[in-house]
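Peer 1: Residue numbers (our numbering), protein chains in the order written: chain Y, 164 to 382; chain X, 343 to 1006.
Derived by calculation from the structure, the hints in this document are not laboratory data. Computed from a predicted structure; not experimentally measured. Treat the hints with care, since some could be wrong.
Taking CB as the label site, the calculated pair distances span [said to hold, decoys possible]: (1) Phe959/X to Gln364/Y: 54 to 62 Å; (2) Leu987/X to Val218/Y: 37 to 45 Å; (3) Ile275/Y to Tyr523/X: 42 to 50 Å.
Covered, in the sense of this in silico footprint (three residues per stretch, anywhere, with C-beta under 8 Å from a C-beta of chain X), are these stretches of chain Y [as the list claims (entries may be wrong)]: (4) 272 to 279; (5) 303 to 311.
Backbone N, C-alpha and C define an ideal beta-carbon position, used for all residues, glycine too.
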Amino acid sequence: MKNWIHVFSVIDFISAGILLTAVAMNALRRLESCVKAYSLNSWLLSLLVAMTALVVGETHLYIASLVTFLSKGVIIPVFLRRIVKQMKVTHEVEPYISNAMSLTISGILVAIVYGSLKQGIFVTGFSRNVLQISIAVIFIGLFIMITRKKAITQVIGLLFMENGLFLAGFSLTYGMPTLIELGVLFDMLMGVIILGIFAIQIKRVFASADLDKLTTLKG
Amino acid sequence: MDPESYLYIIGTVFFLSGAIVSLSPVPRTKTFIYLLSFLGALCFLTFSLHLLFSPPQDLFSIPVSSFFEFAFRGDPLSGFFILVISLLASAVSIYSIGYAKDLKHQGLMGFLFNLFILSMFAVVLSGNVFTFLVSWETMSMVSYFLVTFDRDETSAKAGLIYAVMTHMGTAFIIVLFLILYKETGSMNFAEMKTHSAQIPDLLKHVIFVFSMIGFGTKAGIVPLHTWLPRAHPTAPSNISALMSGVMIKTGIYGFIRVVLDITGTGPEWWGIAVITIGAVSSVLGILYALMEHDIKRLLAYSSVENIGIILLGIGASMTFRSHGLFALSAIALTASLCHTLNHALFKGLLFLGSGSVMHAVHTRNMEEMGGLIKSMPYTGLFFLIGSVSICALPPFNGFVSEWMTYQSLLLGFESPSIVSKIVSPLGGAALALTGALAAACFVKAFGISFLGMPRSRHAGEARESSPFMTTAMGILAILCLLFGIFPGLVIRLASPVSFPLTGSTGLVSGLGFLRIDGSSTAISPAAILITMAVMLSATLVFFLALRRKRKTVYADSWDCGIPALTPRMQYTATAFSKPIRLIFKNIYLPRRDLKVSYLVKPFFVRSIRYSGEITPFFERYIYEPATGFIQRVAGKVRLLQSGSLHLYLGYILITLILLLLFGT
Chain Y
164 MKNWIHVFSV IDFISAGILL TAVAMNALRR LESCVKAYSL NSWLLSLLVA MTALVVGETH
224 LYIASLVTFL SKGVIIPVFL RRIVKQMKVT HEVEPYISNA MSLTISGILV AIVYGSLKQG
284 IFVTGFSRNV LQISIAVIFI GLFIMITRKK AITQVIGLLF MENGLFLAGF SLTYGMPTLI
344 ELGVLFDMLM GVIILGIFAI QIKRVFASAD LDKLTTLKG
Chain X
343 MDPESYLYII GTVFFLSGAI VSLSPVPRTK TFIYLLSFLG ALCFLTFSLH LLFSPPQDLF
403 SIPVSSFFEF AFRGDPLSGF FILVISLLAS AVSIYSIGYA KDLKHQGLMG FLFNLFILSM
463 FAVVLSGNVF TFLVSWETMS MVSYFLVTFD RDETSAKAGL IYAVMTHMGT AFIIVLFLIL
523 YKETGSMNFA EMKTHSAQIP DLLKHVIFVF SMIGFGTKAG IVPLHTWLPR AHPTAPSNIS
583 ALMSGVMIKT GIYGFIRVVL DITGTGPEWW GIAVITIGAV SSVLGILYAL MEHDIKRLLA
643 YSSVENIGII LLGIGASMTF RSHGLFALSA IALTASLCHT LNHALFKGLL FLGSGSVMHA
703 VHTRNMEEMG GLIKSMPYTG LFFLIGSVSI CALPPFNGFV SEWMTYQSLL LGFESPSIVS
763 KIVSPLGGAA LALTGALAAA CFVKAFGISF LGMPRSRHAG EARESSPFMT TAMGILAILC
823 LLFGIFPGLV IRLASPVSFP LTGSTGLVSG LGFLRIDGSS TAISPAAILI TMAVMLSATL
883 VFFLALRRKR KTVYADSWDC GIPALTPRMQ YTATAFSKPI RLIFKNIYLP RRDLKVSYLV
943 KPFFVRSIRY SGEITPFFER YIYEPATGFI QRVAGKVRLL QSGSLHLYLG YILITLILLL
1003 LFGT
């Protein structure tokens, strides 16, 4: 009955989508688009979990999928959008390097991951690509944190990393116990709220949301 | 367990309660603190006599974990150093009753004072590596806080230099103990000693060199002495007395413990190296002391000199031991131990005296003192006794120990090796030079500070310090005289230490004389004293008889026709040391700067500015390049720490990628 999932390589398609949304982050110029890319990424993530749940037929995976969708796909993006709105002056991303360069480096990162994880471990065995993609998403998230000036983009980069981690854990173990997933999600939510508040406070105190200004704090 | 063994527990309780009482907010207790430390020191003094004349014994141990334990052990060697520390500590405690009254943070001073003395006892009583290092570091840290006690810029800098140097030394000590542990398989000093034969020769050399550097830093050998003239003057004077009198001796203790006791007999070059370092330290120490006008810096440099003299004795002992001349080895070791005790007494006395002087004159600069013997007669007298002792003049104690060191170096002729036949008499020559320069140095220190006319307003208004302070100095002065006239006392205290280390005694001593075994060399300070007294009174009687016929007329000193004598006409400290600066100009590398501005050249001078200084050789040519290099490297490393969040995240990314590529 669930053969179509295997026949059409649905899981590979969805994980490719996850990678693409992450890579797309490098090319986006406006903060709103970044938030949108993140929501899309989260939706795809929850869809992936749902598909796996269909294949395996485990109840806790359905719960995980639903909770992921609600928290990462709805609540966090809404919250992020509100923060972006509060930062009135500019909605530009302001990267340190050009978008072309940024895309190139992301490509190199993905290539490195694929190159070095050729003999990766595939406990689940339902896809040959999910682990590589998850690690690549972690790297891209970190790369975004490095190359973007604004505090809010740091938060989005971190969220991408978390999605990547979730995916990595999921691809290796069919998902962690529900309780741990819930705990991690709650942590994320709190983290985003605190970071959002910080971003706004940084903006208020330094009249800028650039983290460059924070170098004056070092001893 | 003997009843005497409980003495150290009682003593420790006294010190600890002294430390706790000082932290109490009640101001009345301030005298009480030092009374407690005095009693504690007396307990340890008695305990040290017990240790000296009984076999080595384990005192007690507290296990900390399966591997480490606090273990304390006493033997004659630690007993002797406890004797040295407790003798000085008891006198300094009395002194501090009067001295600490005018300090700013009295409670803190009392706390650190008690802890400092207790930590020194712990160092010499440690029975294993762990205990030793903990006590050693406690002592270093407490003394660091005492050096920076004034909380101003100079003391902060001195404290920094002290902390850096002492930790560098500790690093070497830790490494040498680790080598010992690896080779002997034990952390315990006693077991290390029994297994020391297993150590390969090469590692023995490493241990010797490392203990020379590590313990030498604490003792203040040249060229590791640079912290002494900075740290000792900035500490309050009662602490300077303890630091210079006994704390640097813990370095000597560590050296004797590791090299002579644990490692045992070494090759000849060890002794030669120690003699060389001792000779260089003593000559350079006293030469730099001569150029100082800061009375406490002068005393600190003189400590470098005396450590050199102690090392000359130890080095001679090691050389003799390597040739199997155990009797001579014992004489040399006894000499250096005696000098350790004597130096503690007279250097303590001199630092206490300088504290009294500073208390009255509010400066350390000798050029602003003068005439103090009239306003401070007791301090003057005791300072004079200390100066005479340190110059090694009979009948005081410095004479006896330097004479013994001198004799043992000259007896180096008897050794079979040509190298030590040459080096040890050369060390004796260096000691002779040192003695003469020390005399010049302390004629200057005493003469400029205490004689003549007051050179400043404060010096004119000086008052004698409190009876506690003069009593403490008096006790030390009497001990100096006592140990000088009856050297047998000290030798009997030192021979239980040198006997197990060298297997011989080598000295025959009565109460008032001593004779070197198997040679015709002998001396009797008591007889010298009697001779001196007889000659002095004969001269006095002669002059009185001569003068009886004449009438004595009292008048002012001749002032060259200028209306009144002023202090500016006096010999200054700089002028006094000028001849020596000229003779040794290749060592001092003096720089002089003369700036004359004229009204009408060349006859009418508006002003003359003269400034002169000697080149601080070791600072300029060793330490400054070294610190410069470290700072340059550190500046490069600092670029990593840019403060940019993005850069730090970048480090993480690069690390992750590298792990991914090469981790598997």
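Peer 1: A separate judgement is required for each hint: does it hold in the structure or not?
Peer 2: Consistency of the hints with the structure:
Taking 54 to 62 Å as the suggested C-beta distance range, the pair Phe959/X and Gln364/Y conforms, at roughly 57 Å. Between Leu987/X and Val218/Y the Cβ separation comes to about 41 Å, which falls inside the hinted range of 37 to 45 Å. A C-beta distance of roughly 46 Å is found between Ile275/Y and Tyr523/X, which places it inside the suggested range of 42 to 50 Å. For a cut-off of 8 Å, the count of residues in the segment 272 to 279 of chain Y with a CB near a CB of chain X stands at 4, and the three-residue condition holds.
Chain X is given as covering the segment 303 to 311 of chain Y, and this holds because 5 residues of the stretch bring a CB closer than 8 Å to a CB of that chain, at least three being needed.
In terms of the numbered hints stated before, the structure departs from none.
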